[in-house]
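Chains as they are written, first to last, in my numbering: chain A, 1230 to 1540; chain B, 42 to 131.
Each hint should be verified, as a subset may be incorrect.
Computed Cβ-Cβ distance ranges for the label pairs, DEER-style [what the hints assert, rightly or not]: (1) B/Ile52 x A/Lys1235: 19 to 27 angstroms; (2) A/Pro1508 x B/Asp98: 28 to 36 angstroms; (3) B/Asp98 x A/Gly1372: 46 to 54 angstroms; (4) B/Asn95 x A/Thr1311: 30 to 38 angstroms; (5) B/Asp98 x A/Ile1258: 50 to 58 angstroms; (6) B/Lys108 x A/Thr1415: 47 to 55 angstroms; (7) B/Asn73 x A/Ile1258: 19 to 27 angstroms; (8) A/Asn1378 x B/Lys108: 50 to 58 angstroms; (9) B/Lys108 x A/Lys1423: 34 to 42 angstroms; (10) A/Arg1461 x B/Asp98: 49 to 57 angstroms; (11) A/Pro1508 x B/Lys122: 25 to 33 angstroms; (12) A/Asn1378 x B/Lys122: 47 to 55 angstroms; (13) A/Ala1304 x B/Asn73: 35 to 43 angstroms; (14) A/Asp1419 x B/Asp98: 52 to 60 angstroms.
It is worth saying that the hints were derived from the structure and are not from the lab.
All residues carry an ideal CB built from backbone N, CA and C; glycine is no exception.
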Amino acid sequence: MGKKIKRNKTKLVIIILSLILVLLININIVVIINNNKLLNEEKLLTKTYNDNSNNLNKETDKIKEIESEINNLNALDSKVTTLKEDYFKAIKSLEDNILSGKSKVKIAYLTFDDGPYYNTYKVLDILDKYNVKATFFTTSVNGTKCFDNPKENCTPLYKEYVKRGHTIANHTYTHGIFKGLYNSTTTFIDAVKKQEEKIKTETNGYVTNIVRFPGGSATAGRLKSAIVTELRKMHYGYVDWTAEDGDGGNLTSTTAAWNTFTSTINSNIEVILFHDYSPYTTEILPKAIEYLKNKGYLILPLFYESNMINK
Amino acid sequence: MKKIIIIVISILIIVSIIFLTINTTNYIDTINKVNEIKEKLNKLDLESNNTLNNYQDKELEYENLKKSKENIIKEFNEWEKRLNEIKQNL
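The shape of chain A in the complex, shown without the other chains (with noise of 0.2 angstroms):
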C-alpha cells in the first residue's frame, strides 16, 4: 500500500514538472513571438526616423536656398549700382580703344537740349522702340507747365527719364541766352545749381555732373574760363556736340535736318544735338536712329567719364 502511495507521488511529481516545464516553454514562445514583433517594430520605426530625417534635411536645404535668394533681392539695389558703374567703365574703354585705333566699332551719343516737353513723350517711346538710351539736357525754363501743351504738367516726366533708363543732364535751370544768364560767372553757376536741385526733386535723388552750355560753351564768351573752373569745383564736366540736324535753328524742313544730320556725321564718337520739342527732329528721328546703326554706331547715353566731356 506504501508502495503505491508512494509511486502515486512520484507521478504526480513528475506530471506537475512536466506541466511547469511545458508552461515555460510556453511563455518563452509568448515572450519570443512579443520580441520578434517589437523587433519589427523597431526596424519600422528607424526607417521612419530616417526617412523624416532626410526629408527634414531637405526641407532645412530649401530654407537656406530661399534664404540666400532673399538675401540676393535685398542685395539687388548694390548690385545694380556696381552693374551701372562697370557699365559705364566699360564705355569708356570702349572709347578708348576706339580713339587709338584700337576698335573699329563707332559711338554715337544722342542728346536731346530744353526739355522737358509734351512733344519728349514721342521722342521717349521712339527711343524705346529701338531700345536706344539717350541724354537729356533740361532746363526749367518753361516752368511746369508743358510749353507745347500748356494744359497738361511736364515735370513728371524727369521720373520718365530715369524710369526709361536715359541720362538726364543739366542745361541750366533759366537757359536765358539772353536774358543774362552769361552776366557773369555767379548767374551762370547760380542757375546750374537750380536745376541740379530741380533734377534732383523731381527724380527722388537723381545727381547728374554733366552740363551743357546753352548755345554751345564758346557762347560764353570771355567768361568760359572761368565758368569751367568753377564747374570742375562741383565736379561737373561740359559738353558740347559734334553732329546736329539743325533743329536749334531756323530748320523748315524735314529734309532739311536730314541733309544736316547726315552731312554732320563723320567721325567714329558724335555728340548729337537735338531738341525734344522739334517735330522735324521727331519725325527724322527712327530713320537717324537706322542710319547710325547701318554705319556700325552704337547708341549710347552720356557720362562723366567719357572722353567726350571736358573736365
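Chain B: place on chain A using the hints.
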C-alpha cells in the same frame, strides 16, 4: 527510472527559466528601444512641423519681396544686358 525523468525534467525547467530570463531581458530592451525611437520620432515630427512653417514663412517673404522688387529686378536685368552688349564690342 522515474528519478531520472524527474531529474531530466528539472534540468529542462532550469534551462527554460534561464532562457525565459534571457528572452524577457531582450524583450524589455526591445520595448525600451521602441519607446526611444518613438520619442525621437515625436521630436522629429515637431521639428519638421516647425521647419515646414518656417519654410512657408520664408516662401511668403520671398514672394512678397520679389513682388516689391519687381522694378529693381527689371532694372538689374536691363543693366546686365546693356553691360554685356558693350563687353561684346570691347
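Now the hints, each set against the structure:
Separation of B/Ile52 from A/Lys1235 is about 23 angstroms and conforms to the stated range, judged on CB atoms against 19 to 27 angstroms. At about 56 angstroms, the CB distance of A/Pro1508 to B/Asp98 disagrees with the hint of 28 to 36 angstroms. Evaluation of the 46 to 54 angstroms hint for B/Asp98 and A/Gly1372 yields a pass: the beta carbon distance comes to about 51 angstroms. Between B/Asn95 and A/Thr1311 the beta carbon distance is about 31 angstroms. The supplied range of 30 to 38 angstroms therefore holds.
Judged by the Cβ atoms, the range 50 to 58 angstroms given for B/Asp98 and A/Ile1258 holds: they are separated by roughly 54 angstroms. Distance hint check for B/Lys108 and A/Thr1415: the Cβ-Cβ separation is about 49 angstroms, which falls inside the suggested range of 47 to 55 angstroms. Evaluation of the 19 to 27 angstroms hint for B/Asn73 and A/Ile1258 yields a pass: the beta carbon distance comes to about 22 angstroms. One distance hint, 50 to 58 angstroms for the beta-carbon pair A/Asn1378 and B/Lys108, is violated here, with the actual separation near 35 angstroms.
In this structure, B/Lys108 and A/Lys1423 meet the distance hint of 34 to 42 angstroms, their C-beta atoms being roughly 38 angstroms apart. Between A/Arg1461 and B/Asp98, the C-beta spacing of about 54 angstroms keeps the proposed range 49 to 57 angstroms intact. Our hint of 25 to 33 angstroms for A/Pro1508 and B/Lys122 holds, since their Cβ atoms are close to 32 angstroms apart. Checking the proposed 47 to 55 angstroms range against A/Asn1378 and B/Lys122 shows it is violated: the Cβ atoms sit about 34 angstroms from each other.
One distance hint, 35 to 43 angstroms for the beta-carbon pair A/Ala1304 and B/Asn73, is violated here, with the actual separation near 51 angstroms. Between A/Asp1419 and B/Asp98 the beta carbon distance is about 54 angstroms. The supplied range of 52 to 60 angstroms therefore holds.
The structure shown violates the earlier hints numbered 2, 8, 12 and 13.
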